[in-house]
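Could you build all of it, start to finish, from the sequences and the hints given here?
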Amino acid sequence: MKTKAMTEQLELFGCIQCGKCTGGCPVARKTVLNIRSMIYNMLVEPELDVKAHEELWDCTCCFTCVERCPKDVRPADLIIELRGQLVESGRIPETIGAALMGTFRQGNPSGMAREDRAAWVNGTEVKAAQEGCELLYYVGCTPAYDLRVHTVTRALARAFTAAGLDFGTLGTEESCCGNEIKRMGEAGLFEMLVEENSELFRSVGASRLVTTSPHCFNTIKNEYGLDGIEVLHYTQLVAALIEQGQLELSNEVNKKITYHDPCFLGKQNHVFDEPRAIIQAIPGVELVEMDRNRERSLCCEGGGGRMWAEGTNLEERLAFQRVHEAAETGAEILAVACPFCLLTLEDAVKVQGLDEQIQVMDIMELVNLSLGEE
Amino acid sequence: MAQKPRIGVYICHCGTNIAATVDVKQVAEFAATLPGVVVARDYLYMCSDPGQGLIQRDIEEQELTRVVVASCSPRMHEPTFRGAGRQGGLNPYLVEMANIREQCSWVHSDRGQATEKAKWLVASVVAKSALLKPLEEREVDVTPGAVVVGGGIAGMTAALDVADAGFPVYLVEQSGRLGGRMADLNRTFPTLESVAKLMGPLIERVQTHSNITVLLNSQVTGVEGFVGNFEVTVSGEIPNLQVGAIIIATGYDIFDPHRKPELGYGQYPNVITSLEMEQRLAAKDLTGSGKAIKSVAFIQCVGSRDAQVGNEYCSRVCCMYTAKQSLQVKELLPDADVTVFYIDVRTFGKGAEEFYDEARATGVRYRRGNISEVIRHNGRVALIGEDTLLGRPFDFEADLVVLAVGMESRADAGDLSNLLKLARSSDGFFMELHPKLRPVDTAVDGVFLAGCCQGPKDIIDTVAQAKAAASSALIPLLRGVVPVISETALVDEEWCAGCGMCVDVCPFGSASLDPLWGVSRINAVLCKGCGACATACPSKAIRLQHFTTEQIMAQVDALVG
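Protein chains in written order, with this note's numbering: chain D, 1 to 374; chain V, 1 to 561.
A couple of the hints might just be wrong.
Calculated cross-link-like contacts (lysine-lysine; reagent style DSBU-like; alpha-carbon spacing at most 35 Å) [said to hold, decoys possible]:
#1 V:K294 to V:K197
#2 D:K2 to V:K457
#3 D:K30 to V:K294
#4 V:K197 to D:K71
#5 D:K71 to V:K350
#6 V:K457 to D:K71
In silico negatives: residues of chain D with every beta carbon more than 12 Å from chain V [what the hints assert, rightly or not]:
#7 M6
#8 G23
#9 D166
#10 A187
#11 E196
FYI, nobody ran anything at the bench for these hints, they're computed from the structure. Being a predicted model, the structure only gives us computed values, none of them experimental. For every residue, glycine included, the Cβ atom is placed at its ideal position computed from N, Cα and C.
Listed below in structure tokens is the structure:
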């Protein structure tokens with residue numbers, strides 16, 4: 001691949017090779033991925049052999065590199081563009097290919113049947129957004145299909161009902177938001193999803209849209225351009241409902257809890273305080289912080305398409321390191337606000353044999369406990 | 001002037017600056033055909049001595065009554081050509097310039113069109129010149145004395161020079177002591193001199209100098225007037241200071257590393273700033289608790305060269321003070337591991353590179369790669385980064401981490417900038433009039449800059465700039481008079497209805513209504529010739545000399561006619 005055009009397009013010339021990107025990259029510590037050196041290659045060599053860089057699929061798009069760069073270069077954008085080259089040439093991991101195909105055919109990267117998308121509801125009171133509603137609840141693929149995450153989606157629906165909100169979901173008509181698709185390098189499919197979803201969202205006439213996942217929140221808020229529709233992550237909405245007295249958390253949860261900031265909520269969208277406000281609003285809770293918190297939170301390795309690609313180093317998972325950090329605080333519960341973090345960290349707790357010590361729960365599961373019996 | 005004007009037109013090549021794009025010969029030939037023009041010439045450099053000589057000779061021999069020079073911007077050479085006119089015996093206000101460089105040759109590439117435009121510009125100024133009136137050149141007396149704002153090394157140095165030259169100086173210092181930020185330092189680079197030994201005698205001299213009045217716990221609250229005659233109001237004992245010049249030496253703020261939370265400052269007690277390190281080095285106790293230290297790490301460029309915190313500039317002192325501190329650590333603890341993490345090492349001063357060599361020779365290790373994050377690790381802290389020369393990420397454990405914090409413009413710089421109408425550059429520091437040619441002047445005549453209020457610099461450069469500011473401030477003080485512009489507004493009292501519009505629009509407070517006659521009066525000393533009053537006056541009773549309606553209309557007619 002010729003380097004010139006992409007170097008200009010991404011304005012890589014600002015790079016001073018300080019090393020803060022690779023230095024801060026959680027993946028660079030365990031694989032050969034070195035974005036700083038890749039940028040250097042782009043700057044000084046006329047060509048780059050993309051297919052020789054299998055480690056491009058290691059990046060989790062946590063955006064630590066973008067946050068740390070002192071010269072406003074966006075190193076992660078280069079990874080996404082280079083993945084795009086690989087997608088175009090068809091040289092992609094099989095699992096990524098399957099995720100793209102699944103999204104194209106069934107509207108979700110796990111390739112689950114579209115008709116099952118609303119199965120999570122399971123008797124919970126949820127109206128079809130197509131009838132018109134003030135708040136559109138965009139569920140997202142993993143929260144809709146993954147059995148482990150259904151407790152989160154149902155807890156959200158229950159909380160919205162308890163707060164008396166006029167909300168609805170798109171049911172089986174909902175499709176993937178494309179956040180991960182874009183980061184897998186499939187810009188064309190992403191644009192198609194944006195177009196179709198935007199039209200669908202607008203047709204509902206809702207003034208607000210809330211997501212389960214920080215990943216959906218990120219792309220719909222920052223990459224869709226939905227003028228006139230306020231896009232929220234559920235932690236923002238629920239924190240506001242609690243503060244305004246619309247949602248009352250009465251049951252005590254007498255636990256020591258630590259909170260793991262998801263990259264797409266924290267680092268990339270600076271939502272740090274609302275999740276903590278919810279946790280602290282639960283009676284009986286003691287919130288303790290890990291050493292690395294807020295913008296320094298360690299990525300769980302679930303982003304950037306990594307839920308559908310293993311990467312080049314399976315053994316040393318960042319999630320393993322993270323759950324040990326959480327356990328060191330003495331917390332009994334590791335709270336998360338992202339379905340990917342929930343899955344990766346819960347898995348890590350089991351693999352690391354920490355399940356006697358610490359339990360991974362989504363903030364909504366905690367809220368649900370505090371709301372009491374249905 | 002009943003006599004027909006005799007106009008000389010001089011087209012400058014400015015080397016190739018103009019001549020490469022504009023056919024200067026053609027412009028000169030065209031100028032010769034314009035009404036009133038008796039001679040039109042082109043020359044390689046009109047501003048040179050022979051160029052000016054041409055003008056002077058023509059004034060005498062051709063009995064010129066007007067001179068038009070078509071060359072660069074009047075901001076560049078108007079004083080030069082007015083001076084040439086004066087030498088030739090012509091009132092300097094009868095010399096006018098057409099800007100065919102900045103406004104023509106530099107911004108166009110088509111030679112034919114640029115030449116046509118140059119002709120129009122010349123024709124327009126020639127038309128105006130015919131209507132010019134001679135104006136009287138004026139001067140006002142200067143109040144002997146200066147105010148120096150800021151009692152750090154810059155302010156004290158400037159105050160001493162002005163005071164030594166025999167003028168009273170008011171040194172206004174916001175805090176309760178002299179010495180500024182420098183007083184917080186331990187030793188200086190590259191000579192390792194003790195700051196206390198340098199500063200003690202200096203403060204003593206300032207405090208005992210018969211010409212210096214030190215005003216501590218005082219702030220400037222207002223400034224009125226102009227070069228030569230400022231009235232500075234100050235909070236404190238002597239509220240009203242009358243001086244001829246002002247030197248600003250208000251210094252800088254230190255970058256607050258809480259704004260880089262990833263570096264762990266405030267979270268880990270063994271992560272400290274370089275300023276805190278100065279105190280520990282002075283006390284010869286690096287941990288602040290007497291604990292043993294095996295490894296000290298320095299992180300460069302904290303708050304400098306960093307768009308994330310809005311400071312894109314290099315703070316210019318951190319590389320050198322880090323070299324100094326690393327040497328001092330080696331002096332105290334020869335066996336300690338001392339490592340400096342850097343992006344680029346900038347040691348540009350006299351003796352500076354040699355000092356950096358010395359630090360490395362003493363065993364200080366320099367590793368290229370700036371630190372991305374500091375985390376807790378095995379009971380110590382670890383620096384997380386990449387050695388960019390090895391291309392290898394690392395965890396580097398240390399007992400003490402020193403953040404080389406940079407400089408920022410003062411948080412209250414905006415207040416002073418509003419009071420004095422001082423411009424600030426995009427980095428927030430006060431802006432000098434020209435980075436190369438007028439480094440200590442400001443856009444406000446009579447106000448000068450010294451030290452870090454203008455941009456980050458070390459003590460060496462600060463003292464040099466302070467002495468430069470003092471010298472520049474002494475020019476009006478020693479001369480005793482300052483020239484004031486003659487292109488001021490004049491009121492025709494016959495036409496003035498006393499509506500007061502001019503009083504409302506004048507930004508310099510020079511217009512007022514005569515309480516007895518009810519007509520407008522313009523204070524010619526305060527007037528800056530902006531023309532706002534003349535434009536606002538509904539009865540056209542105000543005329544701005546040298547920019548009268550007739551003169552401007554003649555220019556416009558020449559362009560559109």
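Hint by hint, here is what the structure shows:
no.	hint	in the structure
1	V:K294 to V:K197	holds, 31 Å
2	D:K2 to V:K457	violated, 43 Å
3	D:K30 to V:K294	holds, 28 Å
4	V:K197 to D:K71	violated, 41 Å
5	D:K71 to V:K350	holds, 30 Å
6	V:K457 to D:K71	holds, 22 Å
7	M6	holds, 21 Å
8	G23	violated, 4 Å
9	D166	holds, 39 Å
10	A187	holds, 27 Å
11	E196	holds, 36 Å
Of the numbered hints stated above, those contradicted by the structure are hints 2, 4 and 8, listed in ascending order.
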